[in-house]
Amino acid sequence: MVTSDEPGLYLAGRYGIRLENLMLCVPAFTTDQGEFYRFETLTMVPFDRRAILADRLSGKEKKLLNAYHAAVFKNISPYLTLEECVWLKEMTAPV
Numbered sequence: 002m003v004t005s006d007e008p009g010l011y012l013a014g015r016y017g018i019r020l021e022n023l024m025l026c027v028p029a030f031t032t033d034q035g036e037f038y039r040f041e042t043l044t045m046v047p048f049d050r051r052a053i054l055a056d057r058l059s060g061k062e063k064k065l066l067n068a069y070h071a072a073v074f075k076n077i078s079p080y081l082t083l084e085e086c087v088w089l090k091e092m093t094a095p096v
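Numbering (my numbering), first residue to last: 2 to 96.
The set of hints was computed from the structure by calculation and includes no laboratory data. Keep in mind that the hints are not guaranteed to be accurate.
Calculated cross-link-like contacts (lysine-lysine; reagent style DSSO-like; alpha-carbon spacing at most 27 Å) [what the hints assert, rightly or not]:
1) K64 to K90
2) K63 to K90
3) K75 to K61
4) K64 to K75
5) K90 to K75
6) K61 to K90
7) K63 to K75
Please build the complete structure, drawing on both the sequences and the hints.
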């Protein structure tokens, strides 16, 4: 099953922004309690670094963002030109 993860911020009377990633729900493991699932990210586009205030992210949030950006680069770069790869490397650099 594919679903979307859409965290957002809305400031009344000003603006709103939503980050949307498509996620694939896949089996993870089974216990006596039943079958458990996890999500695999399908959307492979870097977050705009101009909108990220890295100093406000926790260590865990930075780790998650860096892991996502590493996956974006790994999965997308083989299909890009050299110039596009240079841009993507910059956009997916660790925060």
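Open item on the list: Hints numbered earlier in the text: which of these fail when held up against the supplied structure?
Closed with: none
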